[in-house]
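These are the residues of each chain, in order.
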Amino acid sequence: MTINKSLKSVLGGVALAALAAAPAFAGDAPVPNKGDTTWMLIASVLVLMMSVPGLALFYGGLVRTKNMLSVMVQVFAIVAVVALIWVAYGYSLAFTNGGDLNAYIGGFSKAFLIGITPESVVATFSNGVVVPELTYMAFQMTFACITPALIIGAIAERIRFSALIVFVILWVTVIYFPIAHMVWYWAGPDALASASKALLDAADDAAKATAQANLDAVLSDAGMLFQWGALDFAGGTVVHINAGIAGLVGALMIGKRTGYGKELMSPHSLTMTMIGAALLWVGWFGFNAGSNLEANGVTALAFVNTFVATAAAAASWLVVEWMAKGKPSLLGLVSGAVAGLVAITPACGFAGPMGSIVLGFAAGAVCFFFCSTVKNAFGYDDSLDVFGIHCVGGILGALATGILVSKGLGGTGIADYITSPGTIVEGAYTLGGQLWIQGKAVVFTLLWSGIGSAILFKLVDLVIGLRVPVEQEREGLDIASHGERAYNY
Amino acid sequence: MKIVMAIIKPFKLEEVRDALTSLGVHGLTVTEVKGYGRQKGHTEIYRGAEYAVSFLPKLKIEVAVATDMVGKVIDAITAAAKTGQIGDGKIFVFPIEQAVRIRTGERDNDAL
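Each protein sequence line maps, in turn, to chains A and B. Residue 0 is where the first sequence starts when you use numbering that gives the first Met the number 0, and the numbers rise one by one after that. Residue 0 is where the second sequence starts when you use numbering that gives the first Met the number 0, and the numbers rise one by one after that.
Chain B on its own, in the form it takes in the complex (with noise of 0.2 Å):
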């Protein structure tokens, strides 16, 4: 089982759930986050007063799957929350020792 978390553009949530929904994956956690990359932050001008933004709003989002399906969610998530400008976000994928879903005690990929 692996987590798959995404720091994606905030207007692509739709296309990448789509994607994932798609996949069979049901399930999806989202955080407004804020944060930079190389995308770097921009400028706003207040009455003249100059601030650099150097944080800026992204989405993050969480998927657990069973591993098997960890090369297809990261296919789709990539070619969902694609541009192909600066600041499309990125994947990282770490290992879940378990899973439990609290309802019926379900274990694991039961669990999923």
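So that you can see chain A by itself, here it is in the shape it has in the complex (with noise of 0.2 Å):
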């Protein structure tokens, strides 16, 4: 394998991170900066606020009134037992080497933070740039945690709370950390410099090859999605196409609402829903500047890119609503900011600011098509529209990840750790070769968790029963799962 060859293999993942401040390689080891640490702290607390409170108001909002605490039990709890998990094994099992395995899922070395002390580094996309693992390590908890509560949209006002917390369990554990690993675990770029560099400096042909099956070793110690080269920079696969697609395999799975298009089901609060949608855009900031690791340019066009997608696809929803049926609603607008989110995740840190925008005008009108006209048409009961707005939209942003990563339509283009180590250059680049690369990644994820959701959804059922019985779905489940009610006048 020449050093061209194995080019392929590092273009996953990775920003081209700000040229200019990519010191040169060295062999001094480096140690963590204050304000990369500071910012990727920050960024963790706002994806929390994703979470709690924000995607409980959002989802809270958009159940009827009887239903409304249990989704906040709901999430509240998936987030805390997810957390738990994470420390214990996750961690492990996602940004660790597996061994024979690793191509799927990491091992557990690392299981309950092992090793792990304040002095412990992880790399960035950076060169000679590394922050806390501890830091990492919690920046990516809010990422698993918040993955699996974005499912119990689909299946909102049915699900019975005991059977999704178990579903949760077993779901991060064999679907969200392999994937996680699969697409962002990753040898970082000093070994990736470090070995390229020996094999340039490698004298004779016995050192060459030595200096060879080492380069080899440092990439093939990556996930297989990574190793493929998709790009997703913020977890369009990750958590999106991951959690919308299994969404939508247990709305099915678990059938209607009773009274489903018979009865009035409209959201009981829309002034939350709107809270939350605005606390989901702020702290989507954390989620996809944060992606970044450290505080450079790259984060900062993240941010920007976070900012005018998601304008972009809130404009696009609320106009095209407002053509097609009347009226330019305020659930319309929220929508369409949290499709032009979810687009934008994949693509924030390889796209332009007008690539974004692009991207945000399409995906507001695509998942507006998808949550109107594609649902009824089917006639699944996603309560929520996880499926239309987070698989459509992580779809859509994953592919166009592929294209607008492209120099020529503004994107970073893509990076290359080899050829010159120590420091970030163009790798090679081919829109077609791209996009492919991006289609066999989101075909993967859903059937991945698509098959893998099915599998664990039926398990559940036949132990325990996904369903609460009719009479308590019709007392709701704030009384009858959890003995309260959100609203006492």
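Wrong hints could be hidden among the right ones.
[Said to hold, decoys possible] Covered stretches of chain A (chain B as the covering partner; in silico rule of three or more C-beta atoms under 8 Å from a C-beta of chain B): (1) 255-266; (2) 326-338; (3) 364-371.
These aren't lab readings, by the way, just hints derived from the structure by calculation. All C-beta atoms, glycine included, are put in the ideal place defined by N, C-alpha and C.
Hints in hand, dock the two standalone chains.
Next comes the structure, spelled out in structure tokens:
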């Protein structure tokens, strides 16, 4: 394998970080920068804010009064449970070397955070820049917490609470951690630079062969989708397609809400939905810009893209709905904003701001079409449109990332850490080739999560039962499952 | 003694109250209700899901008055609650068998 051939393997997951800022590769072990560390901790709490209270309010406002608290309990409980699983074995399964299974999943070497001290550091996307491992672990924890919470929107107002919690524990373990590993786990820029430099410095054939073998080993110390070169800056596949398809599968398997299509199921408080959506938008800056793992120009790019793509999608849904249904609605506006946030997630560190706006416009219109027309045509009851917004928006964003990363379209281009060790240069890119890789990653995620979720839902249904009895559903989950009500007038 | 019960548009409450106060009617019970008549309902659309809302919010007011006041009370409510649009509401009149003021024990017309 030559260096040029192996380039293909380092395309994934990495923005062409600010060239000027990247220091030449040096032998000294880098130390975390206080600015990077601070930013990443703030980004982590912003992502936590997306779950609680953001997502809880966004979803809660959309259900009927009698189910308000059930949604809040579900989101909050999922965050708490998954946070514990994450430190127990989730982080280790997602972000360590898994030996023979390393293409698919990590191992247990850091279970219970063994060996992680305040001095431990992890790589970012720049040579010579590291952040404390605890910071990175905490940031990724917030992603693991919010992703399964997204699923509940599809099965809200009828899911049995105990069944949901068991499902979530299984789901993060066999669906989320592997996908996160496959898409985001890699050796890091310094390991690549060091191995590549050794190859360039190798004097004779024997040394070259050893160095090449070492470089190959470093390159293959990455998840499968990363090795394909799939680009997913902040979680289009890992978070949104993953949760979105699981939601659709769940909605199909659990069945429609009692009275769906016959009774009024209008949202009980769009005021809260708007507050939740606004918190999601604010928190998403931590999600997207934080995914750069350091504070630099690419972070700012992701930040700006997150701003403008969301604005474009909100405007786009508003206009399309206005034309199609006669009135511009608040729910349309905030749904468009969330669709835009979802779509820009995989692209936010790769696309340029103008490309992001185009993506946002597309996301608003496409997701509107899926939530209004496609859902009605097929008749499935995805209560809060997890599929129509997260899965569809995620697919759109993942595919568009392959296009918008193009330098010619204002994108960053693809990072190459190998050709010139210690600096990042622009890697090879063809639109068709990248789009093909993105498509493969999308299909793989749909199959992995779709089939895996179907098996898990079936299993939980057989053992516990997914649905509450009809009379409990009629009474409302707040009283029936949790013994309290949201509003005591 | 009669109960005059009227179903009115919610935003007309203050005008009706003012009209009744100027007649010397001191006391009024208001209930938030939902219903439909000739106005029927309207359509609400949430992310493309259309719901026909058949029951519209209205206010039900109830006034207990002496029998000789009924005509004036009806006229006052009609004048104050009228917009001329469909959905203005209706007035119903019922007889009262007895009335008691709880604090003093006064009966019938004295209790109104």
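Consistency of the hints with the structure:
With 4 residues bearing a CB less than 8 Å from a CB of chain B, the segment 255-266 of chain A meets the requirement of three and the coverage assertion stands. Coverage of a stretch by a chain is defined here by at least three residues with a beta carbon nearer than 8 Å to that chain's beta carbons; for the segment 326-338 of chain A and chain B the count is 5, and the condition holds. Counting residues of the segment 364-371 of chain A whose CB falls under 8 Å from any CB of chain B gives 3; the rule of at least 3 is met.
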